[in-house]
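Assemble the whole structure, with the sequences as input and the hints as a guide.
Protein chains in written order, with my numbering: chain A, 1 to 312; chain B, 1 to 376.
Careful: at least some of the hints might be erroneous.
Pairs of lysine-lysine residues, derived as DSS-like cross-links and limited to a Cα-Cα distance of at most 25 Å, are as follows [what the hints assert, rightly or not]:
#1 A:110 - A:127
#2 B:146 - B:108
#3 A:84 - B:371
#4 B:206 - A:84
#5 B:371 - A:12
#6 A:291 - A:221
#7 B:10 - A:129
#8 B:206 - A:73
#9 B:371 - A:73
#10 A:154 - A:27
#11 A:27 - A:221
#12 B:206 - A:12
#13 A:154 - A:84
#14 A:109 - B:116
#15 A:110 - B:10
#16 A:154 - A:109
#17 B:10 - A:127
#18 A:116 - B:10
#19 A:226 - A:275
#20 B:149 - B:57
#21 B:49 - B:108
#22 A:7 - B:371
#23 A:120 - A:110
#24 A:291 - A:281
#25 B:116 - B:149
#26 A:84 - B:10
#27 B:49 - B:158
#28 B:10 - B:146
#29 B:116 - B:146
#30 A:73 - A:120
#31 B:10 - A:115
#32 A:269 - A:226
The hints are simulated quantities; they were obtained by calculation from the structure and are not laboratory data. As the structure is a computational prediction, the values presented were derived from the model and not from experiment.
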Amino acid sequence: MNAIEVKDLTKKFGNFTAVNNISFNVKQGEIFGFLGANGAGKSTTIRMLIGILEPTSGDALVGGYSIMNQPDKVKTQIGYMSQKFSLYNDLTVEENIRFFAGVYGLTGKKYLERKKWVLKVANLEGKEKLLTGSLPGGIKQRLALGTAVIHEPKIVFLDEPTSGVDPVSRRNFWDLINDLSAAGTTILVTTHYLDEAEFCNDIILINAGRLIAQGNAKELKTNYIKNTILEIESDRVVDSMEILEKEDWVGETSIFGNYIHIILNDNSKGEQDIKDVLTNKHSIAVHRVDKIVPTLEDVFIHLLEKDNANVS
Amino acid sequence: MFHRIYAIAKKEYRQLRRDVQMLFIVFFFPVVLLAIFGYAINFDVHHIKIAVYDKDKSDYTREYLNGLISSDYFDLVSYINNEDEIKTLLDEKIVQAVIVFPNDLSRKLNNKQVVKVQYLVDGVDGNTANVIVNYVNAATFNYSLKLTKEYLAVTGMKSYVPINLEPRFWFNPELESTRFLIPGLMGMILIISAVISISLSIAREKERGTIEQLNVSPISSAELIIGKTIPYIVISLINASIVLTAGYLLFGIAIKGSILLLLLGTFTFLFAALTQGVFISSIADSQQVAFQAANIISLLPSLILSGFIFPIESMPTVIQWITNLTPAKYYIVILRAILLRGIGISAFWEQLIYLLIFGLIFIALATLVDKRAKAA
Chain A
1 MNAIEVKDLT KKFGNFTAVN NISFNVKQGE IFGFLGANGA GKSTTIRMLI GILEPTSGDA
61 LVGGYSIMNQ PDKVKTQIGY MSQKFSLYND LTVEENIRFF AGVYGLTGKK YLERKKWVLK
121 VANLEGKEKL LTGSLPGGIK QRLALGTAVI HEPKIVFLDE PTSGVDPVSR RNFWDLINDL
181 SAAGTTILVT THYLDEAEFC NDIILINAGR LIAQGNAKEL KTNYIKNTIL EIESDRVVDS
241 MEILEKEDWV GETSIFGNYI HIILNDNSKG EQDIKDVLTN KHSIAVHRVD KIVPTLEDVF
301 IHLLEKDNAN VS
Chain B
1 MFHRIYAIAK KEYRQLRRDV QMLFIVFFFP VVLLAIFGYA INFDVHHIKI AVYDKDKSDY
61 TREYLNGLIS SDYFDLVSYI NNEDEIKTLL DEKIVQAVIV FPNDLSRKLN NKQVVKVQYL
121 VDGVDGNTAN VIVNYVNAAT FNYSLKLTKE YLAVTGMKSY VPINLEPRFW FNPELESTRF
181 LIPGLMGMIL IISAVISISL SIAREKERGT IEQLNVSPIS SAELIIGKTI PYIVISLINA
241 SIVLTAGYLL FGIAIKGSIL LLLLGTFTFL FAALTQGVFI SSIADSQQVA FQAANIISLL
301 PSLILSGFIF PIESMPTVIQ WITNLTPAKY YIVILRAILL RGIGISAFWE QLIYLLIFGL
361 IFIALATLVD KRAKAA
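Here is the structure:
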């Protein structure tokens, strides 16, 4: 059972194609990660899926309703929270909750029950009378998520919900997302924190409006990189990287802290070949070379560079 | 549907209650306007300061002067004795007009010759200068008539005035300009509390990004606008009552016509004005832009082109066409009919229909802009 089915979705702004023929499915109850660089078309796609932007062509079913033909029905199925803080700073915590409850027609016992729940997840019990504008960022973000799902929608869209939030708050926020998912809510979340992507059941990656990879984290790591990745610890990291880049058998290189990651074009090469180049030819000491399982970051950098090379 | 409108109206009310700046604009501004227009702007000319250079110093000149000064239109400030003083008095704006009686005045009058009396009027303020000349003309005509009658009486002839004009001013017998201004002022105040506040209120949601959350909810545009409008309609009606009460207490202007018709006219006007505000908010993404746009599209035309201060009949034809773009023009006609003349709907049903059409056009425009924004 799919909560969201996207079919050939395209959005053009004049000559610029922001979203180019994207198709994917989101299963009921999963956390679906939507990844891509800034400007890749993530927000445009989400805005079409929540029914506030009309697609140029293609369609999607959200909670069983077409975004082209029944955007108003779609709106009854979803909750949405954007990177921009969307509560009213000049209302108190309680007034914000009451407003959104009123918009979704929650009254009486149901309202009290949901208000209690929102206050609990935002950790604001007893602080209902505070002005929302005076709350710290992480708390605001959780209050925003709480009010966005006050009507218990089946599907929740989160557009970069954790941008600008400190790591501890981010972790708390993800605990909340996991709770929602465990309760059966489908969640589509965009992010550019790749550690967050590891929490997702399924992931898609888009670049320049096109879908370039999809699968779960494990599939992405094994299916998209067949070549061996080596992690190298050596002296003069930057020089080492520049030297290795010139070798035919070395594909992409990138620096991770004090280490270099290289993707081999020729899987038969290894530690000895690296030492030959660095130590023997340039007298740079090599301390360690390990074959590693790629991180999502390795995969995405690899995919994006490959994709950008194809385009240009 | 109603719970959503109620939720929005309540939220808007709560925000407004905390927004000191907005409350200031909405409630204080009208009071200031009322004070300015009621007291400061006064087109009636009273107590014009004049000086007299009387070279004749006869009974004739004294009698003529008495005729002028006995009304409260003229105050005699000083007698002068030479030509140079005339220049000083006018240059330094000590007086607005100087009367010069020639030294042969009584001799010529006694010989039944025509006498020329010179008036030197400060023409910088054309409006006032015109009024002065009109008053002086009338006063001079009266005195001449009196002299003619005396002369005819002496010669034994019966005096005969072929046409005697007797003007009577209806609805505003004293020709007080406050009477004329109050209806326009109500229009202005409602424009401020309707057009400006509603456009700012929607633009603020856009500026702060909170509109996004409303867009993804089941709230329809109509519900959003109606919900947002309700608190401002209440405020507008309160403001209108304040202006009417103040108009009655300060300037003695009572509502002559039906209060029910007044409400009908006001609601129709508010409908037109609010749609204009909604249209402005559909093209403006920030409060600043909305405020500027509301000023240019709505407030300035209401002030200049509505007939509030400047009569539309005396504008060039092209400008007269443009005046149709301001709903205040029609509201002022309605208000003057109800407040000053106390007449029924037969006098202004056309204006009501026009306001309705005006509102519908702006709703259509706003919907169009909104549709395009969604597709873009």
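> Is residue 109 (chain A) within 25 Å of residue 116 (chain B), Cα to Cα?
Replying inline: violated, 94 Å
> Given the hint that residue 116 (chain A) pairs with residue 10 (chain B), does the C-alpha gap stay at or below 25 Å?
Replying inline: holds, 21 Å
> Going straight from one Cα to the other, do residue 110 (chain A) and residue 10 (chain B) come out at no more than 25 Å?
Replying inline: holds, 20 Å
> Is the hinted pair residue 84 (chain A) and residue 10 (chain B) satisfied, with a Cα-Cα distance of at most 25 Å?
Replying inline: It holds: about 24 Å lies between the C-alpha atoms, which stays within 25 Å.
>> Can you confirm whether the C-alpha distance between residue 154 (chain A) and residue 84 (chain A) stays at or below 25 Å?
In response: holds, 22 Å
>> Does residue 27 (chain A) sit within 25 Å of residue 154 (chain A), going by the straight-line distance between their CA atoms?
In response: Distance ~12 Å between residue 154 (chain A) and residue 27 (chain A) Cα, so the pair holds.
>> Checking one constraint from the list: CA of residue 116 (chain B) to CA of residue 146 (chain B), max 25 Å. Satisfied?
In response: Roughly 17 Å separates the two Cα atoms, so the pair holds.
>> For residue 7 (chain A) and residue 371 (chain B), compute the direct alpha-carbon distance and say whether it is at most 25 Å.
In response: holds, 24 Å
>> Please verify whether residue 226 (chain A) and residue 275 (chain A) have alpha carbons no more than 25 Å apart.
In response: With a Cα-Cα distance of about 23 Å, the restraint between residue 226 (chain A) and residue 275 (chain A) holds, given a limit of 25 Å.
> Between residue 146 (chain B) and residue 108 (chain B), does the CA-CA distance stay at or below 25 Å?
Replying inline: Distance ~16 Å between residue 146 (chain B) and residue 108 (chain B) Cα, so the pair holds.
>> residue 116 (chain B) and residue 149 (chain B) were given as a pair; does the straight-line alpha-carbon distance stay at or below 25 Å?
In response: The hint holds at about 19 Å.
>> Hinted pair, alpha-carbon criterion (25 Å max): residue 206 (chain B), residue 73 (chain A). Please report holds or violated.
In response: Holds - the C-alpha atoms of residue 73 (chain A) and residue 206 (chain B) are around 24 Å apart, at most 25 Å.
The structure fails to meet hints 14, 21, 27, 28 and 30 from the earlier list, while all remaining hints are met.
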